[in-house]
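Engineer: Listed below, chain by chain, are the residues.
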Amino acid sequence: MGNDAQTTDTAESVDFKEVQSTERFQELRKRHRSFVFPMAVAFLLWYFAYVLLADYAVGFMSTKVWGNINIGLILGLLQFVSTFAITGWYVSYSNRKLDPIAAEIRQGIEGHEFDKAGNPVSGAVK
Amino acid sequence: MIGIPSAVNVAALKDTTLLNMAIFGLFVAVTMVIVFRASRNNKTAADYYAAGRSFSGSQNGTAIAGDYLSAASFLGITGAIAINGYDGFMYSIGFLVAWLVALLLVAELLRNTGKYTMADVLSFRLKQRPVRIAAAISTLAVCFFYLLAQMAGAGSLISLLLGISDWGGQALVIIVVGALMIMYVLIGGMKGTTWVQIIKAILLIAGAGVMTLWVLSIYGFNLSNLLGAAVETANNPNVLNPGLQYGKSETSKLDFMSLGLALVLGTAALPHVLMRFYTVPTAKEARKSVVWSIWLIGLFYLFTLVLGYGAAALVGADTIKSAPGGVNSAAPLLAFHLGGPLLLGFISAVAFATILAVVAGLTITAAASFAHDIYASVISKGKADADTEVKVARRTVVVIGVMAIVGGIFANGQNVAFLVALAFAVAASANLPTIVYSLFWRKFTTQGAVWSMYGGLGSAIILIIFSPVVSGGATSMIKDANFAIFPLSNPGIVSIPLAFFLGWLGTVLDKQREDTAKQAEMEVRSLTGVGAEKATNH
Numbered sequence: 013m014g015n016d017a018q019t020t021d022t023a024e025s026v027d028f029k030e031v032q033s034t035e036r037f038q039e040l041r042k043r044h045r046s047f048v049f050p051m052a053v054a055f056l057l058w059y060f061a062y063v064l065l066a067d068y069a070v071g072f073m074s075t076k077v078w079g080n081i082n083i084g085l086i087l088g089l090l091q092f093v094s095t096f097a098i099t100g101w102y103v104s105y106s107n108r109k110l111d112p113i114a115a116e117i118r119q120g121i122e123g124h125e126f127d128k129a130g131n132p133v134s135g136a137v138k
Numbered sequence: 006m007i008g009i010p011s012a013v014n015v016a017a018l019k020d021t022t023l024l025n026m027a028i029f030g031l032f033v034a035v036t037m038v039i040v041f042r043a044s045r046n047n048k049t050a051a052d053y054y055a056a057g058r059s060f061s062g063s064q065n066g067t068a069i070a071g072d073y074l075s076a077a078s079f080l081g082i083t084g085a086i087a088i089n090g091y092d093g094f095m096y097s098i099g100f101l102v103a104w105l106v107a108l109l110l111v112a113e114l115l116r117n118t119g120k121y122t123m124a125d126v127l128s129f130r131l132k133q134r135p136v137r138i139a140a141a142i143s144t145l146a147v148c149f150f151y152l153l154a155q156m157a158g159a160g161s162l163i164s165l166l167l168g169i170s171d172w173g174g175q176a177l178v179i180i181v182v183g184a185l186m187i188m189y190v191l192i193g194g195m196k197g198t199t200w201v202q203i204i205k206a207i208l209l210i211a212g213a214g215v216m217t218l219w220v221l222s223i224y225g226f227n228l229s230n231l232l233g234a235a236v237e238t239a240n241n242p243n244v245l246n247p248g249l250q251y252g253k254s255e256t257s258k259l260d261f262m263s264l265g266l267a268l269v270l271g272t273a274a275l276p277h278v279l280m281r282f283y284t285v286p287t288a289k290e291a292r293k294s295v296v297w298s299i300w301l302i303g304l305f306y307l308f309t310l311v312l313g314y315g316a317a318a319l320v321g322a323d324t325i326k327s328a329p330g331g332v333n334s335a336a337p338l339l340a341f342h343l344g345g346p347l348l349l350g351f352i353s354a355v356a357f358a359t360i361l362a363v364v365a366g367l368t369i370t371a372a373a374s375f376a377h378d379i380y381a382s383v384i385s386k387g388k389a390d391a392d393t394e395v396k397v398a399r400r401t402v403v404v405i406g407v408m409a410i411v412g413g414i415f416a417n418g419q420n421v422a423f424l425v426a427l428a429f430a431v432a433a434s435a436n437l438p439t440i441v442y443s444l445f446w447r448k449f450t451t452q453g454a455v456w457s458m459y460g461g462l463g464s465a466i467i468l469i470i471f472s473p474v475v476s477g478g479a480t481s482m483i484k485d486a487n488f489a490i491f492p493l494s495n496p497g498i499v500s501i502p503l504a505f506f507l508g509w510l511g512t513v514l515d516k517q518r519e520d521t522a523k524q525a526e527m528e529v530r531s532l533t534g535v536g537a538e539k540a541t542n543h
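In order, the protein sequences belong to chains A and B.
Note that my numbering gives residue 84 to position 72 of the first sequence, counting from 1, and the numbers run on in steps of one.
Note that my numbering gives residue 508 to position 503 of the second sequence, counting from 1, and the numbers run on in steps of one.
Just chain A, same shape as in the assembly:
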């Protein structure tokens, strides 16, 4: 059956300000932000550099490199490559650096055991 109400039960009994000020949580927040912010700035700069080049450096982008393939097409395809690469990088970073701490803090609050996928292990509820 549905269980809309269950989620707030744990939430209301927790002092989140206290959790927020713990060293472990500060560490998690730092690790998260120190990855996503620089990465977001980097890919946005690279994307806008590409848009500006396509907009204002038409001659350069039209330079043929190999057959009919020009620099514009290569840079465009490199946007695909960088997107796939950043995706893979973020996933591996989260798995190694973020998920373990997040599960540890969550476990401390909820009193659950969690498996590697972050799902509560059945029967471990206190």
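What the hints contain is simulated information worked out from the structure, not anything from laboratory work.
You may find that some hints are simply not true.
Each computed EDC-like pair below joins lysine to aspartate or glutamate, with the alpha-carbon atoms no more than 20 Å apart [to be verified]:
id	chain 1	residue 1	chain 2	residue 2
1	B	Lys293	A	Asp111
2	A	Lys76	B	Glu237
3	B	Lys523	A	Asp27
To be clear about the criterion: a stretch of chain B counts as covered by chain A if any three or more of its residues have a C-beta under 8 Å from a C-beta of chain A, and this derived list gives those stretches [stated by the list, open to error]:
id	stretch
4	106-112
5	297-305
6	325-332
7	344-357
8	448-460
Derived coverage of chain A by chain B (criterion: at least 3 residues anywhere in the stretch with Cβ under 8 Å from a Cβ of chain B; other residues may be distant) [stated by the list, open to error]:
id	stretch
9	48-56
10	71-84
Heads up, the beta-carbon is just placed ideally off N, CA and C, and yes, glycines get one too.
Fit chain B to the supplied structure of chain A, relying on the hints for placement.
Structural biologist: Then chain B, alone, in the frame of chain A:
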């Protein structure tokens, strides 16, 4: 080198109407059965809006791709590349790179803090009523723009396939498509809609993949040869270079920047994409689904490059432009050139299915937002029970469905990708600043959120109304009048920075402080997943 190809005989398309309808009918029949089966377990609001949070990351990722790869991506981008060459490729890149914003900054944090709608997250630590109302209004506005684009695509496709150019015939088919969509959503809820999207995503990507290989095989799997053939057919070497569409003047160059900005910042603010993150059990599955969809969507956009230049080379821009359905007909015409009536029938059925699935996703998002944010939280002040809320949602589906049908009947033959880019600009202006601020800026206040959302939404829509899209140009919606005092077609470059600025200004001028305990709760929950909505068990 292959010379000018024999022109596609557009008149011959009519002979294949029955075949097209049979393939499309088969798709509808199969998906209806699945929707019926999926709907058996729809009991609670979480079931109806969020499919019981029971989908796996890869299923949801495929459904996200199904939701995202709309008629704009398939018909619109292929047509844009076929006619404007390199400038059309910009859509593919912007639509894909934008997913990094969703992956890095939004998806998991949103899954951890929300329940059904975007407004759940935005109003988490701010004042419920004003923020919820603003978020619901912007959700409805974005969904409406997006619906308009999909229906314009449906109109183009129908006029091409059935050779119907008379108003009444097209209207009738749009009514049929709209009625089908209402049935899917009413019966299936989010679970049924999700299954339709998964099936459609697989069909669309497979169909585009087959066409891509086919086109490449004609040119010996040599991209350079394909590009050369496109240049030859177009008789213009500039189809390979940027600037064919946007390089004409300083204003149009600025328009290109504006488009680029709206594309990359719009995705993570689209309400129907955000809502999909609630259909998975955990934040980790939300991450997996974004990764899965990035791969599928990226692959598909690589196909569109080949399909676009393939249509330019094999069909030719002039044939495409003069066909019924105009620029949006490039992909179906290419299918007809390659595989004759059978491939055209299959590709058209896929395109129809695409429109149907996306419209269903948009409709359920808009209905959930109205029922959950406006009806349950504002009108009945949280006293409505879940059953009444779902009932209201179902009624809203019918109202929105009828609106989409009417909008579709009046939508004209503008490029679908272009219309969707407007929806992206509205979403990026109205929603993204508030999403980012409320997740990452501790001091953000209600006044900042309200100023940013209404300011972004209002400026984007006003600028569109006074742009060449609506009046004053040869392709405008209203051709006979000219009140286009804003020169750009896409408002993003003005309205997005303005919305970010208003969010900051509203916050620093706000004398009231927000609840710091709520801020702490939101931050801890968003990063750790404590107390996040769980999957429902049946």
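Engineer: Are there three or more residues in the stretch 71-84 of chain A whose C-beta lies closer than 8 Å to some C-beta of chain B?
Structural biologist: holds (count 8)
Engineer: Are at least 3 residues of the stretch 48-56 of chain A within less than 8 Å of chain B when you compare beta carbons?
Structural biologist: Result for this restraint: holds, n = 5.
Engineer: Is lysine 76/A close enough to glutamate 237/B, meaning Cα to Cα at most 20 Å?
Structural biologist: With a Cα-Cα distance of about 16 Å, the restraint between lysine 76/A and glutamate 237/B holds, given a limit of 20 Å.
Engineer: With a C-beta cutoff of 8 Å, work out whether three or more residues of the stretch 106-112 of chain B approach chain A closely enough for the coverage to hold.
Structural biologist: As far as the stretch 106-112 of chain B goes, the hint holds, because 4 residues have Cβ atoms under 8 Å from chain A.
Engineer: Just to make sure I understand the rule, a stretch counts as covered if three or more of its residues have a C-beta closer than 8 Å to a C-beta of the chain. Does the stretch 297-305 of chain B meet that for chain A?
Structural biologist: Check passed, 3 qualifying residues.
Engineer: Given as covered by chain A, does the stretch 325-332 of chain B meet the bar of three residues or more with CB within less than 8 Å?
Structural biologist: violated (count 0)
Engineer: Would you mind confirming whether the straight-line C-alpha gap from lysine 523/B to aspartate 27/A stays at or under 20 Å?
Structural biologist: With Cα atoms ~10 Å apart, lysine 523/B and aspartate 27/A stay inside 20 Å; holds.
Engineer: Mind taking a look at whether chain A covers the stretch 344-357 of chain B? Criterion is 3 or more residues with CB to CB distance under 8 Å.
Structural biologist: Since three or more residues must qualify, the claim that chain A covers the stretch 344-357 of chain B is violated, with 0 doing so at under 8 Å.
Engineer: For the stretch 448-460 of chain B, do at least 3 residues have a Cβ located nearer than 8 Å to some Cβ of chain A?
Structural biologist: Contact hint for the stretch 448-460 of chain B vs chain A: violated, 0 residues under 8 Å.
Engineer: Holds or violated: lysine 293/B and aspartate 111/A, Cα atoms, limit 20 Å.
Structural biologist: Measuring from Cα to Cα gives roughly 13 Å; hence the hint holds.
In this structure, the hints that do not hold are numbers 6, 7 and 8, in rising order.
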